[in-house]
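Q: Next come the chains, spelled out residue by residue.
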Amino acid sequence: MSTLTLEKQPIRHIPDKLSTPAGRIFGSWEALLAAVAIAIFIANSLASPHFLDPWNLSDATYNFTEKAMIAFAMTLLIISGEIDLSVAAIIALASTAMGAAAQAGFQTPALVGVGLGVGLLCGAFNGVLVARIGLPSIVVTIGTMSLFRGIAQIVLGDQAYGGYPASFAWFGQGYMSDFSWWPTLPGFEVVTFEMVAFVVIALAFGILLHWTVFGRWIYAIGNNAFAAQFSGIPVQRTKFALFLMTGLMSGFAAVCLTSRLSSTRHTIAAGWELEVVTMAVLGGVSILGGSGTIPGVVLAAIVMGLVTFGLGLLNVPGIVMSIFIGLLLILVIALPIVFRRIRSRTAA
Amino acid sequence: MSRILKYRELLLVAIIVVLIAVFSYRAPSFASPESLANVFNDTSILMILALGQMAVILTKSIDLSVAANLSFTGMAIAMMNAAYPQIPLPLLVGMAMGIGAFLGAINGFMVWKIGIPSIVATLGTLTIYRGMAFVLSGGAWVNQTQMTPAFLNTPRVVALGLPLLGWTAILAIAIISLVFTRTVFGRSLYAAGGNPTAALYAGIDVGRTRFFAFVLSGGLAGLCGYLWVSRYAVAYVDIAAGFELDTVAACVIGGISTLGGIGSVAGAILGALFLGVIKNALPVINVSPFWQMAISGFVIIVAVLFNARQEKRKGRLILRDAVKHRPALAGAPVEGAAA
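Those protein sequences? They're chains A and C, same order as listed.
If you count by the working numbering, then the first sequence holds residues 471 to 818, one letter each, in order.
If you count by the working numbering, then the second sequence holds residues 165 to 503, one letter each, in order.
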């Protein structure tokens with residue numbers, strides 16, 4: 471009976487000299503991820519001659535773009551000390567609603583509105599339960615995960631919705647070169663709408679988290695919600711806004727995914743909550759809240775996309791890939807803890 | 165405290181009785197003893213899993229890998245039975261519990277020694293264990309014809325109006341309630357979750373208690389792996405997919421606090437029975453089984469709301485008592501008021 475891990479305080483070291491900015495960048499989690507991404511990229515291009523084909527690479531981005539959109543919002547939520555396990559169920563419900571709307575004869579703009587609206591509503595529902603009433607987010611979102619997908623299941627049963635308007639397919643299948651203003655430079659013709667959405671959303675969340683007061687609030691809440699409250703930060707309202715964002719991003723991912731698959735079943739996006747959380751945690755976000763960066767999550771998304779694409783090229787079945795994802799999740803959390811412990815033991 | 169708990173269990177009993185009354189109004193045969201015994205038998209696996217989940221939740225953790233553990237163990241045992249029919253059943257069941265306990269120990273080790281939050285560790289092992297079931301079987305099914313009659317039929321043997329499957333659940337409930345209320349380990353579970361710091365000073369190793377809670381949960385999941393495969397007479401990778409949520413739901417409905425330290429065996433069992441009654445009643449009253457998932461989600465949320473209100477009420481009482489007993493401290497900030 472030595473120590474209690476929960477309450478253990480990290481031992482503070484006072485270094486002899488301050489670390490240089492360059493040293494900080496190269497020693498960071500993001501640098502490690504970038505190195506891993508480059509290594510996987512090289513390994514994949516050596517393993518398969520088809521890997522470096524630009525159209526192939528463009529297709530490979532679908533492995534992560536939709537999940538990453540949610541992962542950015544989830545990053546903010548996890549930094550604030552909460553979690554949303556219902557994101558995949560929100561996709562299922564939003565997709566079902568869009569399918570029903572398409573059956574009723576609504577056109578593409580209305581369908582996108584329905585998808586985003588359902589996402590927002592689901593996020594608001596989670597937000598009210600967690601931020602307003604003060605329930606633990608893990609249990610609440612396990613409940614809403616079952617509720618949202620359950621509603622999709624009631625509506626759909628064992629049926630599937632199809633018959634989306636032709637113009638709706640563009641969100642998940644379209645290329646930016648469909649626009650006349652898109653530059654016709656070499657390489658630009660393979661850029662998809664989802665890639666651009668991924669970059670824009672990453673930039674938006676990056677700016678929000680790293681360069682705004684709201685972003686600083688999120689870190690403050692995640693590090694000490696009680697102290698944040700007394701510093702005049704609207705803790706509950708911030709958390710509510712984060713749940714709204716996560717819901718909205720899930721709705722947007724539902725638009726892209728539904729458009730790409732052009733059909734909806736109640737099992738759509740099954741298990742995605744795990745991959746989204748893994749993506750955030752792999753990106754260096756502390757599952758206990760208080761730390762993490764958007765560039766890290768961008769790199770993690772690319773790493774996970776490359777790994778699944780590479781394994782896919784090697785004909786590894788999806789369920790075996792999920793073993794790798796599970797191992798990855800555990801390793802990226804365990805390794806820093808183990809290293810920190812070894813370092814503090816050798817220093818002490 | 166005990167009054168609140170009694171109130172909760174009585175309330176659950178009342179709700180279940182009302183549900184059965186309403187359902188039997190639509191279909192009178194639903195309330196017959198045979199039908200009720202059938203509901204109990206059908207809920208046995210959920211009850212046993214809920215007991216393991218309860219042990220873990222009591223220590224402020226969660227085990228999301230129980231269903232994947234069940235799937236892997238069920239597959240391993242079924243393949244073992246198909247390949248070596250001469251292995252006696254008790255040995256197979258022992259092996260199932262052993263494999264399950266080992267998988268639980270992996271979770272427990274990560275939570276205890278490495279300090280990974282249990283939700284992340286078990287979310288990871290959830291996919292790993294189910295993936296391992298795929299790797300083990302190559303995606304193939306083990307069918308009824310490949311398994312021995314003893315393996316398939318033993319849990320179906322009826323004794324005193326209830327199949328052995330139901331009796332297994334009753335035995336598990338009896339043993340677990342004795343362990344939880346009458347042994348050092350059982351009381352440590354409550355102490356470790358109720359107040360880890362105080363438990364530490366009371367000489368309880370919180371991490372080790374958590375570890376053994378995961379081992380217990382895993383062992384029971386292994387047992388259920390055998391029960392599930394023999395009950396449905398088939399083993400494949402996706403058996404019991406999503407069932408971990410039902411076990412959490414049963415605990416939450418039964419008043420087991422997800423913050424740890426609060427809850428009773430009777431509560432978890434009644435929570436499981438509540439879900440079991442609804443599941444068995446839906447076809448009887450002509451509601452599509454597709455409603456079940458949404459209903460359990462809704463019930464989880466209502467139960468969490470209800471639990472939160474009770475926990476809050478309890479917190480206030482303690483503070484008021486503290487102020488009453490020590491008027492000198494009334495003006496001072498009370499530690500823990502934030503939580």
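Everything labelled a hint here was simulated from the structure, so no lab data went into it.
Computed from a predicted structure; not experimentally measured.
The C-beta atom is built at its ideal place from N, Cα and C for all residues, glycine as well.
One thing to keep in mind: the hints can contain errors.
Covered stretches of chain C (chain A as the covering partner; in silico rule of three or more C-beta atoms under 8 Å from a C-beta of chain A) [unchecked claim]: (1) 193-206; (2) 259-267; (3) 279-293; (4) 296-305; (5) 324-337.
Dumping the calculated SDA-like pairs for lysine to any residue here, alpha-carbon to alpha-carbon at most 20 Å [what the hints assert, rightly or not]: (6) C:443 with A:804; (7) C:443 with A:598; (8) C:443 with C:425; (9) C:443 with C:473; (10) C:277 with A:625.
Q: Next step is simple, just say for each hint if it's right about the structure.
A: To see whether the hints hold, each was checked on the structure:
For the stretch 193-206 of chain C, the stated coverage by chain A is not satisfied: 0 residues place a CB nearer than 8 Å to a CB of that chain, which falls below the threshold of 3. Remark: the stretch 259-267 of chain C is not confirmed as covered by chain A, as 0 of its residues place a Cβ nearer than 8 Å to a Cβ of that chain, below the required three. Look at the stretch 279-293 of chain C against chain A: 12 of its residues bring a Cβ nearer than 8 Å to a Cβ of that chain, three or more, so the hint holds. Remark: the stretch 296-305 of chain C is confirmed as covered by chain A, as 4 of its residues place a Cβ nearer than 8 Å to a Cβ of that chain, reaching the required three.
Counting residues of the stretch 324-337 of chain C whose CB lies closer than 8 Å to any CB of chain A gives 0, which falls below the minimum of 3, so the coverage claim is violated. Taking the CA atoms of residue 443 (chain C) and residue 804 (chain A), the gap is about 39 Å. The hint is violated against a cut of 20 Å. About 29 Å separates the Cα atoms of residue 443 (chain C) and residue 598 (chain A), which puts this hinted pair outside 20 Å; it is violated. Between residue 443 (chain C) and residue 425 (chain C) the alpha-carbon distance is near 29 Å, which puts this suggested pair outside the 20 Å criterion.
Distance restraint check for residue 443 (chain C) and residue 473 (chain C): the Cα-Cα separation of roughly 27 Å exceeds the 20 Å cut-off, and the hinted pair is therefore not satisfied. For the hint pairing residue 277 (chain C) with residue 625 (chain A), the CA-to-CA distance comes to about 45 Å; that exceeds 20 Å, so the pair is violated.
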